[in-house]
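Undergrad: If you read the sequences in order, they're chains A and B. Going by our numbering, 279 is the number at position 245 of the first sequence; the sequence numbering is gapless. Going by our numbering, 343 is the number at position 14 of the second sequence; the sequence numbering is gapless.
Worth double-checking, as some hints may not be accurate.
With the C-beta cut set under 7 Å, the calculated list includes, among others, these residues of chain A facing chain B [unchecked claim]:
no.: 1; residue: Trp123
no.: 2; residue: Leu185
no.: 3; residue: Val186
no.: 4; residue: Leu189
no.: 5; residue: Tyr192
no.: 6; residue: Gln196
no.: 7; residue: Ser200
no.: 8; residue: Pro361
no.: 9; residue: Ala367
no.: 10; residue: Gly370
If you want the ones that stay clear, here's a sample from chain B, every Cβ over 12 Å from chain A, calculated [to be verified]:
no.: 11; residue: His388
no.: 12; residue: Leu394
no.: 13; residue: Gly466
no.: 14; residue: Leu481
no.: 15; residue: Val498
no.: 16; residue: Val543
no.: 17; residue: Met574
It should be emphasised that the hints constitute simulated quantities derived from the structure, not laboratory data. For each residue, glycine too, the CB sits at the ideal point set by N, CA and C.
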Amino acid sequence: MFRLEKRPTPSTFWIYATPFLAVALTMVAGGILFAILGKDPVAAIKLIFFDPLFSADYASYARPQLLVKAGPLILIAIGLSLGFRAGIWNIGAEGQYVIGALCGAAAGLAFFPTDSRWVFPLMVAAGALGGFLWAMIPAILRTKFNTNEILVSLLLVYVAKQLIASAALNFLRNPDGAGFPGSRNLAQIPAMANPELIPGTGLHWGGVAAILAVGVAYVMLQRHILGYQIKLAGQAPRAARFAGVNSDRLIVLCMGFSGALAGMAGFFEVSGPAGQITIDFGAGYGFTAIIVAFLGRLNPIGIFFAGLLMALTYIGGELAQLVLGLPAAAIQAFQGMLLFFLLAVDLLANYRIRFILPGAR
Amino acid sequence: MDLSHMNAGVLVASLMVASVPILLAALGELVVEKSGVLNLGVEGMMIVGAVTGFIAAFHSGSAVLGFVGGAAGGAALSMIFALLTQFLMANQVATGLALTLFGQGLASLLGQSYVGQKPPLTGKLPFGPLADLPFVGPVLFGHDWVVYFSVLAVGAISWFLTRSRGGLVLRAVGENHDAAHSLGYKVRLVRVAAIGFGGAMAGLGGAYLSLVRVPQWTEGMTAGAGWIALAIVVFASWRPWRVLMGAWLFGGISVLQLNMQAAGSAIPVQYLSMSPYLITILVLVIMSSGRSRASLGAPASLGQNFHAAR
Numbered sequence: 035m036f037r038l039e040k041r042p043t044p045s046t047f048w049i050y051a052t053p054f055l056a057v058a059l060t061m062v063a064g065g066i067l068f069a070i071l072g073k074d075p076v077a078a079i080k081l082i083f084f085d086p087l088f089s090a091d092y093a094s095y096a097r098p099q100l101l102v103k104a105g106p107l108i109l110i111a112i113g114l115s116l117g118f119r120a121g122i123w124n125i126g127a128e129g130q131y132v133i134g135a136l137c138g139a140a141a142g143l144a145f146f147p148t149d150s151r152w153v154f155p156l157m158v159a160a161g162a163l164g165g166f167l168w169a170m171i172p173a174i175l176r177t178k179f180n181t182n183e184i185l186v187s188l189l190l191v192y193v194a195k196q197l198i199a200s201a202a203l204n205f206l207r208n209p210d211g212a213g214f215p216g217s218r219n220l221a222q223i224p225a226m227a228n229p230e231l232i233p234g235t236g237l238h239w240g241g242v243a244a245i246l247a248v249g250v251a252y253v254m255l256q257r258h259i260l261g262y263q264i265k266l267a268g269q270a271p272r273a274a275r276f277a278g279v280n281s282d283r284l285i286v287l288c289m290g291f292s293g294a295l296a297g298m299a300g301f302f303e304v305s306g307p308a309g310q311i312t313i314d315f316g317a318g319y320g321f322t323a324i325i326v327a328f329l330g331r332l333n334p335i336g337i338f339f340a341g342l343l344m345a346l347t348y349i350g351g352e353l354a355q356l357v358l359g360l361p362a363a364a365i366q367a368f369q370g371m372l373l374f375f376l377l378a379v380d381l382l383a384n385y386r387i388r389f390i391l392p393g394a395r
Numbered sequence: 330m331d332l333s334h335m336n337a338g339v340l341v342a343s344l345m346v347a348s349v350p351i352l353l354a355a356l357g358e359l360v361v362e363k364s365g366v367l368n369l370g371v372e373g374m375m376i377v378g379a380v381t382g383f384i385a386a387f388h389s390g391s392a393v394l395g396f397v398g399g400a401a402g403g404a405a406l407s408m409i410f411a412l413l414t415q416f417l418m419a420n421q422v423a424t425g426l427a428l429t430l431f432g433q434g435l436a437s438l439l440g441q442s443y444v445g446q447k448p449p450l451t452g453k454l455p456f457g458p459l460a461d462l463p464f465v466g467p468v469l470f471g472h473d474w475v476v477y478f479s480v481l482a483v484g485a486i487s488w489f490l491t492r493s494r495g496g497l498v499l500r501a502v503g504e505n506h507d508a509a510h511s512l513g514y515k516v517r518l519v520r521v522a523a524i525g526f527g528g529a530m531a532g533l534g535g536a537y538l539s540l541v542r543v544p545q546w547t548e549g550m551t552a553g554a555g556w557i558a559l560a561i562v563v564f565a566s567w568r569p570w571r572v573l574m575g576a577w578l579f580g581g582i583s584v585l586q587l588n589m590q591a592a593g594s595a596i597p598v599q600y601l602s603m604s605p606y607l608i609t610i611l612v613l614v615i616m617s618s619g620r621s622r623a624s625l626g627a628p629a630s631l632g633q634n635f636h637a638a639r
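Just chain A, with the same shape it has in the complex:
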């Protein structure tokens, strides 16, 4: 038999080791899943984690994709991690992402046709503002009416998806698009496009914003009073109240910050890789970013690497789809598994496992 003993403070070794252990366990469990599906597990894991970066055949296409996919994941996850640390659960980032794309695109298209260089910054601001306001709905309902922010933020994802479908069909539909749903293609309008900044790297303004967000979040958590309050509210809510932390203000700040970042990520996506507002815009980045935030241990630097790794599973997953015929859903299940293993091995950081011989007590 074994018994769990709570550690007085979490083990530093295991805090850093658990993400690696979880990834390793997920590879094993994923391999089993792929074997059940009748695919060679070793080949599938190699194709997902190794080939996109190092294979001569795929790397030239796959490497730039890494930053394209990691950008929005990191940007959203940084915002989410602040709230998660303070015990504020914004799980509707997908909705804020969609609304950000919608507002950013709408702000730009309102000035169509234009070649003013102020349009792009305006669109970024509109995207961030859209995400911010969408996140303010659960935040204000929580602070003013005591309504559960988890449920409200999540339910608003479905509302946001209907709104963007409506935009693609009605008020943002491309007037020159022969009646097909979908907005004008922003990526083809020079003043509104979000192009690759350095050829061959996949870095666009979204990636730049993600790197900036990592830096800002890191400094804030280490050096700013707000970062201290966030950590305190999460670890000891009662102590935080006695110390004068205003929990309502913290909720509004954390939700607003994560909403603005998710909205920005949505805009960078719609003006770059996606190009236009479509009926089914939104690829689930808002949900995957939750996994990224936890995989990075809610730490900005950790999130940066976790975002890259998660992007790798997306790209590798696509490769595995093409080469091995692995179903797309298998990758989604694989990503979900990763979160399970992360949460499971977290036990090692917070508890010590003592083995007791039967009959010893």
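Position chain B relative to chain A; hints supplied.
TA: Just chain B now, with coordinates in the frame of chain A:
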């Protein structure tokens, strides 16, 4: 817009049918939360139940076995949650989210080769001439067995929680797990059982979607029903009969907006489709406004992990 073809009896009857998946899932979650566990994975368990139920029914040719399969699928998935939160001390909110993300992936994976297939029919119970009565016929005597089962389940759960010893133990565990532990109750065992029950009920609700409501398997078919079920538990202040009211309210709105879509309402389809979610939010706000969790009736240990020091 022409709504004149809508007959009140048919409308109430279809409202009852539309509310079944959410009612079943919300009842399950109610029991889970009463034991002090917050499982946010209802959406994931529902969609897995939808696909396992469909597969079981498709291969056995029996709709009843399909529902058994759906309940088994939901319960099996919930055991991952039980293992993580009860034995590995994982955060319940995060684990519930993981359950939903994983469940959606798993369900699409399992359901791939079943898209477009037809499940065996779940027939209405034969009430003979009673079913032809005006209004009362379609409302009371025009349903399949699952509808009656779901309403009976409300009564049974209400009785269990307030009148039976097991129910009182379950509530004690949910209100104060340390006190329950000192009295010698097996906190973990009670909670694992409750989680399994919640999973089975969510799975049943999912199976009702794929076997009766739609009836076929399509990806993402639960479309937030699991989250609405979670909201209904809060709306109902953790009381079974109010869960029934909440589910009917939601069923009524979804039936009404579908009828308005069919009748060619001037309001665009997308705005009608978002109405159930908006109204759920509105009801949540009204219910929780100005009240603390305790005065709403939330179990005091809700969402807290239990670790027995000895």
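Undergrad: Taking the hints in turn, state whether each one holds.
TA: Against the structure, the hints:
1. Trp123: 6 Å, holds
2. Leu185: Result: holds, 5 Å to nearest chain B Cβ.
3. Val186: 5 Å, holds
4. Leu189: 5 Å, holds
5. Tyr192: At 5 Å from the nearest chain B Cβ, Tyr192/A passes the 7 Å test, so the hint holds.
6. Gln196: 4 Å, holds
7. Ser200: Status holds, d = 4 Å.
8. Pro361: This hint holds: Pro361/A lies near chain B, its Cβ roughly 6 Å from the closest one there, short of 7 Å.
9. Ala367: 3 Å, holds
10. Gly370: Interface hint status for Gly370/A: holds (3 Å vs cutoff 7 Å).
11. His388: Nearest chain A Cβ is 18 Å from His388/B, so the label holds.
12. Leu394: 23 Å, holds
13. Gly466: 35 Å, holds
14. Leu481: 28 Å, holds
15. Val498: 24 Å, holds
16. Val543: 18 Å, holds
17. Met574: Given that every Cβ of chain A is farther than 12 Å from that of Met574/B, nearest at about 18 Å, it holds.
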